[in-house]
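Read off the chains here:
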Amino acid sequence: MPMATCPFCETEAEWPNDIIAVYTKRVVEVRPFNVKIVTSGVLELGAYTDPATGFVSMMRLVDATYG
Amino acid sequence: MKTIFSTTSLALILAAGGAAAQDIPQANDAWFTAGQEAIQAIIDRETNTGRAKNVILLVADGNGVGTNYATRLYAGQQQGKLGEEHVLPYEEPGYHSALVKTYNINAQTPDSAPTAGAMNTGVKQRFNLINLGGDAIHDDCATVAGNELTTFAEIVTGMDKSVGVISTARLTHATPAGVYAKTANRNWEDEVPEGCTAQKDIASQLIDQMQAGVVDLAMGGGRRYFAGTEVTLDEGGKGHRPDGANLIEAATGMGAQYAWNTETFNGLNLDGSAPVLALFNDSHMEYEADRAEEDEPSLAEMTKAAIEYLSNNENGYYLEIEAGRVDHANHAGNAKRTMIDGMAFADAVAMADELTDDADTLIIVTADHEHSIAFNGYCGRGTPIEGLCYDVAKTGEMHSDDLVLADDGKPYTVVGYLNGAGSVLTKGEGENDYSGSRPELTQEEATDIDYVQQALIPKSSESHSGEDVAVYAKGPWAHLFDGTIEQNVIFHVMNHAVTAE
Numbered sequence: 385m386p387m388a389t390c391p392f393c394e395t396e397a398e399w400p401n402d403i404i405a406v407y408t409k410r411v412v413e414v415r416p417f418n419v420k421i422v423t424s425g426v427l428e429l430g431a432y433t434d435p436a437t438g439f440v441s442m443m444r445l446v447d448a449t450y451g
Numbered sequence: 173m174k175t176i177f178s179t180t181s182l183a184l185i186l187a188a189g190g191a192a193a194q195d196i197p198q199a200n201d202a203w204f205t206a207g208q209e210a211i212q213a214i215i216d217r218e219t220n221t222g223r224a225k226n227v228i229l230l231v232a233d234g235n236g237v238g239t240n241y242a243t244r245l246y247a248g249q250q251q252g253k254l255g256e257e258h259v260l261p262y263e264e265p266g267y268h269s270a271l272v273k274t275y276n277i278n279a280q281t282p283d284s285a286p287t288a289g290a291m292n293t294g295v296k297q298r299f300n301l302i303n304l305g306g307d308a309i310h311d312d313c314a315t316v317a318g319n320e321l322t323t324f325a326e327i328v329t330g331m332d333k334s335v336g337v338i339s340t341a342r343l344t345h346a347t348p349a350g351v352y353a354k355t356a357n358r359n360w361e362d363e364v365p366e367g368c369t370a371q372k373d374i375a376s377q378l379i380d381q382m383q384a385g386v387v388d389l390a391m392g393g394g395r396r397y398f399a400g401t402e403v404t405l406d407e408g409g410k411g412h413r414p415d416g417a418n419l420i421e422a423a424t425g426m427g428a429q430y431a432w433n434t435e436t437f438n439g440l441n442l443d444g445s446a447p448v449l450a451l452f453n454d455s456h457m458e459y460e461a462d463r464a465e466e467d468e469p470s471l472a473e474m475t476k477a478a479i480e481y482l483s484n485n486e487n488g489y490y491l492e493i494e495a496g497r498v499d500h501a502n503h504a505g506n507a508k509r510t511m512i513d514g515m516a517f518a519d520a521v522a523m524a525d526e527l528t529d530d531a532d533t534l535i536i537v538t539a540d541h542e543h544s545i546a547f548n549g550y551c552g553r554g555t556p557i558e559g560l561c562y563d564v565a566k567t568g569e570m571h572s573d574d575l576v577l578a579d580d581g582k583p584y585t586v587v588g589y590l591n592g593a594g595s596v597l598t599k600g601e602g603e604n605d606y607s608g609s610r611p612e613l614t615q616e617e618a619t620d621i622d623y624v625q626q627a628l629i630p631k632s633s634e635s636h637s638g639e640d641v642a643v644y645a646k647g648p649w650a651h652l653f654d655g656t657i658e659q660n661v662i663f664h665v666m667n668h669a670v671t672a673e
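Protein chains in written order, with this note's numbering: chain E, 385 to 451; chain D, 173 to 673.
The following block holds chain E by itself, in its conformation from the complex:
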């Protein structure tokens, strides 16, 4: 289900338990939250801490593109 609130932006937001981190191949062009985007990439499993943001993910889509 799309998040009604951005977990990164809202201190009160509940952290979703079905979240997946997506690392895109190119710089992201920001889209409104209520516009569906379809993305594809390479699935990576296992814990990873993003050195730039400290964000921990258990699974990721890397090298992702979207339309």
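These aren't lab readings, by the way, just hints derived from the structure by calculation.
Any given hint could turn out to be false.
[Unchecked claim] Part of the chain E face toward chain D, derived, beta carbon under 10 Å:
id, residue
1, D402
2, R415
3, F417
4, N418
5, V419
6, K420
7, T423
[What the hints assert, rightly or not] Computed beta-carbon distance windows for the label pairs:
id, chain 1, residue 1, chain 2, residue 2, range
8, E, G438, D, T656, 50 to 60 Å
9, D, G608, E, N401, 22 to 32 Å
10, E, V412, D, L597, 32 to 42 Å
11, E, N401, D, A384, 31 to 41 Å
12, D, I214, E, T423, 52 to 62 Å
13, D, S607, E, D434, 26 to 36 Å
14, D, D467, E, V426, 27 to 37 Å
15, E, G438, D, V259, 46 to 56 Å
16, E, A436, D, S607, 53 to 63 Å
17, E, N401, D, E256, 16 to 26 Å
18, E, A436, D, V259, 52 to 62 Å
19, D, N487, E, D434, 49 to 59 Å
We put the CB at the ideal spot given by N, CA and C, even for glycine.
Dock chain D against chain E, hints included.
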């Protein structure tokens, strides 16, 4: 000519007036006989003026008349019915009912804190406050002292009754907190502002009320608000309390039993000899649609355990049961999870009714407020309530196979929201540059469990509405629920029922 016509009309009216109901052409129609049976059931309804030993208040958060309508149809359709004709357990003729005005002292659109407070103290309260009088100010700790109200839980504790509170939301969330907490801010779940000494945080107040012997059983979510940030919790998460206090250990240290999953829930001793604290999730319990039986009990299972536990007190009990996530799914604009949690609530009502005696137990079923949910038309009978609107068929009952199309040539769902994350307006280049058109939609997409309904006004979280909710009740003094009442009247029926001579 005109005179003749009038005379003929009069003759026809007299003839119809003289015919007995059993002689009229529709007398054997199934709708006609069902209508006769319905009024007979109302005539047969008993008026119980005895004293209530037990009071059970069941609240589905955000389950106004509209949301409840959606759940009714969905529940019926899951049983293979068309849906519209379905009767939820609390809609049966044994229940008296009324409409409830839910506004707060200073809010046309209510929030769940003062609404729970109104039901638990008998007076309307201010937006975002719980169980403080009308002179208290939101977020102002200095206005707490002197404004604390007495709760129904405290009143019945004085009658040596037991008290239980159950929620699928966090136990520190507004509706369950209405049973035991007094706070100038509903969000002070595990901390209060620096320098605030007039009240404790909500989680601490629950443990204090357990220690004081007011609350005997509490089951729900919100585990992280009961332990410090350094504490690793039962399911691997971390505590959230900045003061580092471990309230779970404090509870068990004073003799309470603690459960955190289905297995430990099943291991609870329900003989009433030791208080119960059950925290099944770090935050809210799961939506019913996502709940795993081995992970968390259902609302009906918690209801069963609570009634078994509380029934050990020969003086009776007060139990508040909240289906907290009907509200959350509505906020997300996700009608399907709303309806599935609504069904779990209906199961809990049926369980409470089954395990109690109407002669001595007042059961009240209501909601705290409605949402900005709305329903499109004109859909044929049996249109799946969670999906697209099908046209009315000319013959038979079932809808036609044609989808109803809007003027933009696209189909639409029965359920929509006036605002929320599903807004069809999207942000453009400018700050206030919102525009849009409705996306194409298939039945497969619309009935997906994760589908977010289309909405009009863009908001990250869909809002409550001030529309009425219903109240249904059976047992001692349930017949006092009639007409259109203020929400705080619910307390007065409970209070009258437990004190009636």
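Each hint tested on the structure:
no., hint, verdict
1, D402, "9 Å, holds"
2, R415, "8 Å, holds"
3, F417, "7 Å, holds"
4, N418, "6 Å, holds"
5, V419, "5 Å, holds"
6, K420, "8 Å, holds"
7, T423, "16 Å, violated"
8, E/G438 / D/T656: 50 to 60 Å, "54 Å, holds"
9, D/G608 / E/N401: 22 to 32 Å, "30 Å, holds"
10, E/V412 / D/L597: 32 to 42 Å, "22 Å, violated"
11, E/N401 / D/A384: 31 to 41 Å, "35 Å, holds"
12, D/I214 / E/T423: 52 to 62 Å, "58 Å, holds"
13, D/S607 / E/D434: 26 to 36 Å, "35 Å, holds"
14, D/D467 / E/V426: 27 to 37 Å, "31 Å, holds"
15, E/G438 / D/V259: 46 to 56 Å, "53 Å, holds"
16, E/A436 / D/S607: 53 to 63 Å, "35 Å, violated"
17, E/N401 / D/E256: 16 to 26 Å, "36 Å, violated"
18, E/A436 / D/V259: 52 to 62 Å, "57 Å, holds"
19, D/N487 / E/D434: 49 to 59 Å, "58 Å, holds"
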